[in-house]
Structures are given as structure tokens and as C-alpha cells.
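Join the two chains into one complex using the hints; note that each chain is given alone, in its own frame.
What follows is the residue order along each chain.
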Amino acid sequence: MTLNQLDITKIIDGCKAQDPKSQKDLVLNFAPQLLSTAKRFCYDNVSPKDILQEAYILIFKNIYQYDSSISSLKTWMNRIVINTALKYNRQRYIKYELLTDYIEDDQYIIPDIFKNLHYEEILNIVQKLPSGYREVFNLYVIDEYSHDEIAKLLSITSSTSRSQLARARKLLKEQVQSLINELERI
Amino acid sequence: MNWKEFEVNLKNIAQNHPSDMDTEAFWNELAPKKKKRYPIWIFLIPILIASITASYIIININSSKIEHQDELKSKEEVHEKSDDNLITTKHEEQKNEISNPSLINISTTQKSKKLLPNQFIDSKVQQNNYSIQKNKNVNYTREIEAISQITKINEDSNFNHFSKIPENQSDIEMPTKEKVIISDIDYLKPSQLQIINWDKKQLYFEQSDYLKINIEKKQNSINFNFVLGIGAWNPNFKTNTIDISSRNTNVERSLESRNIGFLIQFNKGFLKHFETGLIYQENISKIYWNKKIVEEKTSTEQSLVSINTYINGKIDSIYGNKTTIRTLERTVNQYNKFSSLKLPIFYNPLKIKLNQKISLVPKIGILFDFYQQNTGKFISSQDQVVPFGESNYNAKGLGLSYSINCPILYKIDSKSSVSISPYFNQYLSNVISQNSDLQSRPIQLGVNLGYQIGLR
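Order-wise, the sequence lines are chains A and B.
Its first residue numbered 1, the first sequence is counted upward by one per residue in the numbering used here.
Its first residue numbered 1, the second sequence is counted upward by one per residue in the numbering used here.
The reader is advised that the hints may include incorrect statements.
Using 30 Å as the maximum straight-line C-alpha spacing, the simulated DSBU-like pairs for lysine-lysine come out as follows [what the hints assert, rightly or not]: (1) 11/B x 24/A; (2) 87/A x 61/A; (3) 4/B x 74/A; (4) 87/A x 49/A; (5) 4/B x 173/A; (6) 61/A x 152/A; (7) 152/A x 49/A; (8) 173/A x 337/B; (9) 337/B x 61/A; (10) 415/B x 152/A; (11) 415/B x 357/B; (12) 87/A x 337/B; (13) 351/B x 268/B; (14) 415/B x 170/A; (15) 10/A x 128/A; (16) 16/A x 396/B; (17) 170/A x 297/B; (18) 87/A x 11/B; (19) 24/A x 74/A; (20) 170/A x 152/A; (21) 152/A x 87/A; (22) 49/A x 21/A; (23) 24/A x 268/B; (24) 297/B x 173/A; (25) 11/B x 49/A; (26) 128/A x 396/B; (27) 49/A x 16/A; (28) 11/B x 74/A; (29) 49/A x 297/B; (30) 170/A x 11/B; (31) 170/A x 87/A; (32) 10/A x 49/A; (33) 21/A x 396/B; (34) 10/A x 396/B.
In short, the hints are calculated from the structure, not lab data.
Isolated chain B (complex conformation) (with noise of 0.2 Å):
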């Protein structure tokens, strides 16, 4: 065959012949991996959970204010309490206790400890902070920490408050179990007193529901919590598409992370030891990386040097071993944006009290969130190569997190308290696909400042 046949012949086997190769295994390499699906529902139940609270805490806050007006209609009525057991002393009902403040006449008999067990008793109070004097207002305006036996406020009887008169405090025989705080008690004026009980040791007036008013105004309550956070991420860098780990020599990252957002807390019931809210968070990568290789190679087999003469149509050429010296150079920069805004539910166990004033909430929490992924501002030195041209790639979908926070809690007062937060996030489910330049699950740590207020 003559040279034209030759290299068709060559032509055909070329394009003819596939090679082996595991298509599999290369293409396992190649495909994104398979996102989980979480169901829509997931998604919907924080939402859900943030309603149904929010509707609970409406109507509440609503049937305690009808409740309370309905109070103050009656509360000319002078409630006698026609008990036998109860050895009182009555509080002389003032009509108008401004212009005519009330007078207090105590007296005591044993028979008074029998009411105990029906009352809301064994108080002591901690602070001594209020007044009850004669011709005086009682007037509460700061909080008052009480002890009881009693758990819970028993909403069917009439119960009664508890205070004691700061005296002799050792002959106070000293509550047990459980705490019960009563904040925000402003003012409580002497017609609102419709029985003083005193049993040599403690007082107790009666007042029912005023007080019970704003027991469930309190528990009612709101807790705005807004958030300010920094940090740094770790977004593990894939190496089959930037290959950071083989090629660089010379490799410098920024990874910060940024994070702004508001939390929810209703304080009431077991609600009070969940957070709900908004968080939007920016993690931002820049890299820049360098390698300069400097290759010096000897071919072992003869190359052209030199063509020497033109003769007779023929090219006399001298050939040498060659040698190659390849100098390559790559620099990227390289500014990576990845964002998201989070719904999170925490869940905080217990509040560890240091101090008055300081404490320490640890709490977890899940996060659902919608992220999106910017990759761009690539300026390479050599922008042929995949993945490092301009890129306009946007990854988008919905997110899995996880969330370990320690709050250190600093109150302001009985409303509004700051707080220095550093918190740990890692994602559950895969985040990134195709294309990208980051592992499936990016782990952020930081710190967030909060300011938190509480609302009635």
C-alpha cells in the first residue's frame, strides 16, 4: 500500500478504537454526589411549631387582659372570706387609696398556720425591697424571689400571695424544694389587699388574682434575642476539582464567617426552653495560592537539533538529545461567597446561674436553612484551566445543620440582659454539588454577641 493508504489505514484504527476503561468507576468520579432529600415536611414543621406557638401565646396574653379588666370592675367589691379558720387581719378597704392611703392593722392568731397548706405559702422573701407601712402604699418595684413548697399555681383555688415583714428573718422557718420567681410586681396598691394574714412570723396577704394577673403576664412573656456573630469556617476544599492539596506550594486562605439574625423565646411552660428566630449567615473564602515548577529534562531518545542544507530536495538535519526546560507558573486568586439564612429551633435544658447577675445557658439546636453558593473573581494566570476561569457558578437548595452554643448571659435588668455567645455549626446533609470547590458538610465556629429584651 502506498503512504496515503498507510495513513488512512492509521485514520480508521484511531478513530475506530475505543479504549478500556472502567466507565463506572469514571464516572463515580465525575457525577455529583446524591443529595438527600429531605422531605418538604421537615422543612414546614419549625414553621409550624413558630404558628401554633405564636396563636397559644395571642390568645393567652388576650383572656389575661379580659381577665384583668375584669378584676379591676370588681375589685370595689370587698371579698370576705367567710372561713372560720381564718384568723386574719383585715385590711381596711380605702376607696380612693391615693388621696387616702390604706391602713394595715395586723394581728395574728395560731390558727392561721392551717390555712397554710391551702395557700400559696412558706415564702420567704430575699430582698427587702418593698414597704408595708401604715398610711402607706405597698409598692413592689423590683423583683422578689419567693420559695414554696408548692409547685405550681393551682388556677382553680384562691390562692394567696405570701410576703413576710423583714424582721428577724433567722425565726423564718426555711422553704424547701422549689423556687418560684415573681418579677415585676410594680405596684400593688392596699385596696388590691383584701386579707393580711400574719402567723408571728410571716405575712400573707390575700390577693388573689391581681397577682395571678401578672404571674401569667410574665409567663406570657417574650423574649427578643438579637444576634451579631463572627467567626471562621472550614469549607474543606475538594480536591478533584481545585486540588489545593497536590499543586500548591504556596497557599494563603481568609475563611471568615459572618452571621446576623434575631431569636425568639416565649416564656411559658416548657416553650420557655426553646428558641426560635431568623439567621442570616455569610461565609466568605479567599484563597491565594502560587506554585512555580522549574523542570529540567533530558529526552533519551534523538531530536531534531538543526536542519543543516537544502539538497536536492532533501533536508540534511542534525539530531541530539534534547533537552527541556519548563518553567511553570500558577497564581490564583480566588474569592468564594457562601450564604445562607437560617430558621433555627434551640433547645436550651437549664440556666446555670453564676451570680445575680450572670449565667450560663448551653444550648443545641437544629437548623433549616436556604444557602446559596457564589463562586467567582477567579483572576489566574493560566485561565484555561478547569475550574480556574471565570466562573458564574451558583449553587442553591435547602440545608441541615446542627448547632452547640454556650451563651454567657449578662443581665441588664429584669428585662433586657446581653450576652457573649460562642457557638459551634456543622452541616448534616450535602450542601454543595457539582462544579464546586467545597466538601459536603462546612463546619462553622464563632462567636456571637446578642442583645436580648423582654416583651409582655
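Excised from the complex, chain A in its bound form (with noise of 0.2 Å):
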């Protein structure tokens, strides 16, 4: 189901007045792409869901802060999902840092039979990464952040997140080689 722009400002006008019936359309009409960030960002003994559930409670909160003006809807909860994910994770890995840098190889070809890729198989992809070269890679590929708001985010030198990106997209390089040698040799 789709909501227009009319529909989408009903819901946040019943949502910062507090109606559980608008809660319940931006929960259903919400909730699984969100879901799908939040599997991005977390690791296996923490549930997307509690993330979701968490992050659902801090969005009805503070519902009344949201602007259109500056962001969608979409993207603002979006956020907040995955504010809460890092909040999660912060507690969870210890996270090493690589101060050098890497030159990018732009020309390296993949074949086009990776355009068909599912979302799981993207998933299994990027979650083999490290968990500081994932979130990086997540938030400045897939969420499109800029390497200043994740070094913000993260609490590191933007410096720093440049040269995980740089690190994540050598390891998925490597990644989808293996798999292309497999699928040659299949």
C-alpha cells in the first residue's frame, strides 16, 4: 500500500496529538521496511524487532520534533532506527580502527548477473564484513550518509571512516570475487 503526501501528514498530525489509531497506520505502513534497516545494523544475539520496538517508542516520543521541511518521513525514522541500532551495537563489539588509506579501484567489472541479487543474499553479503567496516559501509553507501555525519555518529575522525570504507569495499571485493570464481567453476 502506498500513502500520498495528504495521507503521510494525517498520520503525523494524529501521531503528535497521540492517537493510537495513527500510531497503528505509521506502524503498519512503516514498520518492515524499517525492519529491514534495522537487520542491517545488528548482530545475532540482538533481535531487529527489540531494535524496532525501541526505536518505535523514541519516534512516537518525539514525533512532535519531526520537520518535513528537512527530511521525509522515511528518512527520519530511518535515522532514528538506526540510531538506535548503534546505540545497541555500541555496547556489543570492540571496534579497531585503521588509520591508513586505500587506493579505490573503480574499474574492477562485476558481472551484470549480480544485479539480480535478492535482499537476503545482499544481507549475507555485507554482514560477513567486520562490524565497524559494516556500519560504515551501510550508512555511507546504502543510507547515504557523508563521512562527516558517520564520524559524528560514531564518535571517530572522518579520516577514519573514509579508510573503513575503503577497507569494507576491498573485503566485499574480495567477497564477490569468490563468489564469481565459484560460479565460473559451477
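Printed below as a string of C-alpha cells:
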């Protein structure tokens, strides 16, 4: 079901008035997409639904702060889910940093068959990245955060963010290459 | 496709992929439980009952006063009964009973018994705490407990009060049926006695209105009961928010309940079985809990261990199995205050007298209340986890609860008594809304101390 802008405005106004029906609409229409985001950022021992539940509590609590002129509702909620997930993650792993540069190789060619990857397959590939790389890769490539934003969010420097992204890309390429090799063998 | 296109492709797939989930079930977990809504008139009923009762009592007291004044005006008029059956001992009227006390001459005939069915009869004075003596006033200073065959005073007839000269009580016919308690007859002057009947066994004196007024005044009295109580409560912490049950390893709770208030009881007809008033109750929960987890996990996958060299733009790295040691520790201090202003209606069907001084008055009640929950003063080692941040959360609403009390009353004198009353309260309605740490039906258990005073 797609929502037009009028419906979304109605839902937002309802949520600001703490109307349970609007809150329900907000959950029914956006939760599946937000769950996908939560899945990308969470680890084995944390349920993405727990993250989503806590994120929704924050969303209901802070909906009055939402400003449609700054971002879309989907983006705003997506960011809350990411923040909630990162707060969870911050207690759960030891992060290490690479203070080095990596020269990116944009000419790396990938077979077109990779265009038809399913979400779960992408998730599977990205999940294999070490935690620090994975977060930066997710934030930069998929959620379109800038390096400065990532640095602020993860309490690192933007150069660290860049180097981690580069490292993530290298590891991803290796994974993709091993997949290609496997496909060729078959 | 090149790597950039590959990443754009990844982004598009990831951004437009809703996960499969049961959104209805998810909403049900998230949604606040629906509050039962009670129509506003439920809360108005007790106020209405209290107002009507108060008006009724006030009107009655006023009419009694008027009646009493009329009686005082006409008390000098000698009331002579012309009934032939009334063989009496006449009381000699005294105009000035203080300076010249009345004389009471007692005589009797057998016929006097015929009066009995029409009078307030067959009585026995339980305590010899009065005197009727020649040249002296009749002075009642303490409670007289009488037993009568008549259960109700017939206001239309000129009933007589009764008494007995305290002699040879074994000769007295033991009365039957119901007890009538007449208390606080302060001072009965001989001039107010009009006819005294004596049938060898018992002394009867007619004095209709004076006593009637007193009896009515007694029936119109109001008891004020001031209560102060302490106890404990069980707020039933929700597992889906604080999640005490699954996360904690070391929890200390302090769950206090305290209340203060007053209750009013009208000593008239069926109303004497009911009490109402106002009670302010505070329920406090202080929680301290912490948890420490140390986990050691060796990954089955190879992870980066170190970077050796940087040669020709490429990094040689060593991979190995990563071992992660995690130490999680969380400490939370939480202070939660749930306060309510209650309007109770108690029903006490019976009074069990253990002896002259001590009695049990079990009672049940429903309590209408306005409640407010203040959850705050969180101190958390990891304040980023909902709901362990600082919280200004408030819940407000109207609640309904029931109560079981068993007060033990100790009578100090005819007007006042003290009580100790164990109580059990539980909410019938939902009193907590979303984001709260509490379940819907908290229980309170404790003891109230009370001081009761009777006012006319």
C-alpha cells in the first residue's frame, strides 16, 4: 500500500496528538521497511524487532520534533532506527580502527548477474564484513550518510570513516570475487 | 557493471525492500493496552450519595432542634394522662428542680402491666449507673443499654422510656429479641418525668419527647474517622519495557505504600453501615538492579588481525580467528511514585463485639480515584537504552479499585475510639498507559491506624 503526502501528513498530525489509530498506521505502513534497516545493523544476539520496538517508542515520543521541510518521514524514522541500533551495538563489540588509506579501484568489473541479487543475499554478503566496516559501509553506501555525519555518529574521525569504507569495499570485492570464482567453477 | 554501479544497485535493493513481518502482531506488542472507560456518572454517584446524605442529616438535625425547643417551651405544662388503665405513681412537678428537687412517689398496681404492650417495654437496665432517689434529680451520666421487644420507635405514639430500679434483678423478666442502645442521656431532670409506672418488678417513667429527641440526636450523629496507614504494594513490573525478569541478576526493590485520609459515617438507619470520605495514597517503588556479563567468543570466520606492509598500493594483512571478550555491566536506580486521591465507599454489614471495649468491623469497599504516576530520577550506567534515560513520564487518569478491611476498634469512651485496620486494595481498572513500567492492576497491602470521633 502506498501512501500519498496527504495521508502521511494526516498520520503525522495524529501521532503528534498521540492518537492510537495514527500510531498504528505509522507502524503498519513503515515497520517492514524499517525492519530491513534494523536487520542491516544488528548482530546475531540482538533481535531486530527489539531495536525496531525501541525505535518506535522514540518515534512516538519525539514525533513533535519532526519537520517535513528538512527530511521525509521515512528518512527521519530510518535515522532513528539506525541510531537505536548503533546505540545497541556500541556496547556489544570492540571496535578497531585503521588509520591508513586505500586506493579505490573503480574499474573493477562485476558480472551483470549480480544485478539480480536478492536482499537476503546482499544482507548475507554485507553481514560478513567486520563490524566497524559494515557500519560505515551501510551508512555511507546504502543510507547516504556523509563521512562527517558518520564520524559524528560513531565518534571517530572522518578520515577513519573513509579508510574503513575503503577497507570494507576491498573485503567486499574479495567476497564478490570468490563468489564469481565459485560461479565460474560451476 | 563497474563497482559504483554495483553499489548503486545494492542501495536500491536495500532501500526498497520491506521485510516480511506480522505488523498487526508487532503493533499489538507496542500498543498501549486499551483503558476501560467508565461513564462519568459512575464517578458522580458517590458524590451524589454523599451530598444527599449530608442534606438529609442536616435537615433532620435542624428539625430535631426545632422539636426540642418546642418541648422545652411546653415542659411546664403538666401532661396528665387520662387512660384508666394507667395506674401510676405520679411525679410531683417541681417548678424549680434545682433549688427544690422533685419528689418521686412510687406506687403500683397490677394493672400497670396492661400498659406494657403499648409502651416501650420489657426493659432491663444493664448498668447501675444512675440513681432515682427522693429529693434528687435523676441523673444519667453513662450509656444505658436496654433490651426491648420493640425494634422500632413508633414516632406517632407517645412511647415511654423505661428503666428499672436496680434491685433484685433475678425477678426481672428477661427480655427477648433485639437490643436498643440509648447512649449519652446526659441529664434527665425530674421535672421532665411525667409519669412513672411501677409494676413491682420494673419502673417505667413516661417521658416521651425528651428521650425521643435524645434518641434522634443519637441517630443523627456523624462519626469522623481519621486514618493514617503504611504498607507495601506490588506494581507488577512489565517485562517488555524494563524487562526486569530476563535481564537482572541482582535486584533490590523497595515498594512502599502510605496513605492518609478521613472517613465519615452517618449513624442513621441503613446509612450507619456505610462510610465515605477521602484518602490520599502514595505508592513508591525504588529499584536498584545490576547485571554483569562476561562473554568470550571465538569467531569461526577469519578476521583481520594486523596489517604488515604497504607495498605498491596494496596492504598485506594477516587474518586469523578473532576472539572477542565482552563485558557488559548495567546498573539502574529507579524511583517511581504512583499517587492517588481516592473517594471510597465502604460497607460494613456487621459489628462483632468481642467485649465492652473491643469490636471487629469488617468492611468491603469500592474506591474511585484520580491517580498520577511520576516516573523519574533514573540513574543509569547506559542511559542510551530506552527506557533507562531520564524520564519525565507522567500518567494520569481515573481509576477504580476494591478494598477489603478488617478494623479492630477499641472504644475509649462513648464518643471516641481508636482502630487498627489491616487492608488489601487492588485496582479493577487499568491505571497505567504506554511506556510505563507498571502493570495495570497494582495491589496494596498494609495497616491503617485510625481515630474515630462521634459528633452530633
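Broken hints, numbered, in rising order?
8, 10, 14, 15, 23, 26
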